[in-house]
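There are 2 protein chains.
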Amino acid sequence: MRPNIVLFGDSITQESFSSGGWGASLANTYSRKADVLVRGYGGYNTRWALFLLHHIFPLDSSKPPIATTIFFGANDAALLGRTGERQHVPIEEYKDNLRKMVAHLKECSPTMLMVLITPPPIDEEGRMEYARATYGEKAMKLPERTNENAGVYAKGCVEVAGELGIRSINIWSKMQETDGWQRKYLRDGLHLTAEGNAVVSEEVVTVFKEAWLDPAEMPYDFPHHSDIDGNNPEKAFQHKCL
Amino acid sequence: MRPNIVLFGDSITQESFSSGGWGASLANTYSRKADVLVRGYGGYNTRWALFLLHHIFPLDSSKPPIATTIFFGANDAALLGRTGERQHVPIEEYKDNLRKMVAHLKECSPTMLMVLITPPPIDEEGRMEYARATYGEKAMKLPERTNENAGVYAKGCVEVAGELGIRSINIWSKMQETDGWQRKYLRDGLHLTAEGNAVVSEEVVTVFKEAWLDPAEMPYDFPHHSDIDGNNPEKAFQHKCL
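Keeping their order, the protein sequence lines are chains B and G. Just so you know, the first sequence maps onto residues 633 to 874 in the numbering used here. Just so you know, the second sequence maps onto residues 633 to 874 in the numbering used here.
Since the hints were derived computationally from the structure, they do not count as laboratory data. These figures come from a predicted structure and were not determined experimentally. C-beta atoms are modelled at their ideal positions from N, C-alpha and C, and glycine is treated no differently.
Each pair of labels, with its calculated beta carbon distance range: (1) B:825 to G:816: 22 to 32 Å; (2) G:722 to B:811: 55 to 65 Å; (3) B:848 to G:766: 18 to 28 Å; (4) G:843 to B:797: 47 to 57 Å; (5) G:768 to B:871: 34 to 44 Å; (6) B:711 to G:805: 54 to 64 Å; (7) G:809 to B:826: 24 to 34 Å.
All chains, please: the whole structure from these sequences, using the hints.
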C-alpha cells in the first residue's frame, strides 16, 4: 500500500524517534503518504552494518523502500588507540563499505532514492564532559573522537556520493556554519539535541523534495475527511475501497 | 522480520508522530524490536473508517500486525445540530462499528493484541477559544463537542471491549483524574499537548506490557554492538546473518 522510507544508520538513526527526533519528524512530514522505518543500530560502524544489509534489504523483496538514508561514519571515525578503538574502521574501508551498500540497494531497486549522510561534527570538549559526568574518575583522558577526523570521514562520504552519482548531506559542514553548534546541536559532543535533529530532518526533506519525493505531490492513501459526503460516504471511497 | 504494531484511529493517531507524540514515543520504546505504523485519519469517524478496514488489514496478509490500537470516537461524538454534525455517528452504531473492527482484526490474526482507546475528554471552553482564534466572527457559537457526550462514547467503547474480552484504555476518565487536565493535556480542547501525549503512550505501553508485549522481553533484531568482538565480528552475526 504505502511506500516505505528506510533510515539505515547508527545510534543517531536509532534514537531518531525520541522526542524531537529527525526520524519522527520525517514520519510526520510523510504522514498518510509513506511509512518511515527505523533501521538504526547504536554503536555500529559500516563494517558491522554490512552483515545486516541483505537482511534489512533482501534482494527478493516485493516492496523495496522508495527511499533510504545511509547515515554512518560517527563510529568508523573513532580513533585508534583511544577508548572507541573497537569501532574504528579505516577511511578507505569506510568509503568502500558505503559503495557496497549503495550497490546492494541499487540491486534491490534501481529506482530507490538514496541519500548518504555524513557523520555530524564532534565537540571534543562536550564529549569529555559527558565522559566525566558518566564515568567520573574512570573517564577517558583523551577524546575518543575528534572533529578533524570526523571531517575526514564526512569528506569521504561526500566523495563516494559524488563518484556514484547519488545525493548526500554534509551535516558535518552544515552544522558548523552556525555559531555555537557545539552546544546548540550536540547534547554530548556527538549525539543530537532537538535543534540538531531539526537540522537533519530539514536537510533530508529538502533533498527528498529536490529529488522527486515531495510530500505535497504525493497522494493521500485515502480520502481527506473533507472530501467525504456525510450523506453519501460511499462515493468518496468508491475508487480506492469498494 | 520485525513485527508491526499498527495505530488505527483519527487525528489523535494521525498526529501522533509530531514532536512529543505518543506514536513516536511508542516507536522509540519498541526500537529495534517492532515497527510502529501510523494509520491515523484526521476527521474520520468509525463509519468512514470501516471503508478502510480491509485495505489496511487485508485478510490475506502474510504478516498481520502483532498489536493494534483502535482509537476512535472523538468524531463520532460530535453533536447533531452543531458544526461537526457531518461527523456524528450514533452511539449504538459507534459500538457496533468497533465490534466490526475487532471481528475483522481477529479474522486477520487470532493472536493479535487489540486495545480499544476511548475518545479523550473535551474541554468545551478550550474548544470555543480555539474556534474564535481560528475563525473569528464566523466561529461556532456553541461547542460542537461536549465532555458529557464524549463520556457516553468512552463508556460505550469500554463496554464493547469488556463484552469482547479485549483490553481497553479509558483515556477520558484517566485524564480527568488530574487537576487542570483541560489545559495540561489538551491544546485546543480536543487534541493532545505533549503531556497529554505522554499519558497516552504510558497507558498504551502499560497495557501492552500487561498483555505480553513487553519491550524488555522482546529480542533485539540484531546483536547489540557491545556483543560484537572487534577482532572477530562474524561470530556475533553467525546465527542471524550468515
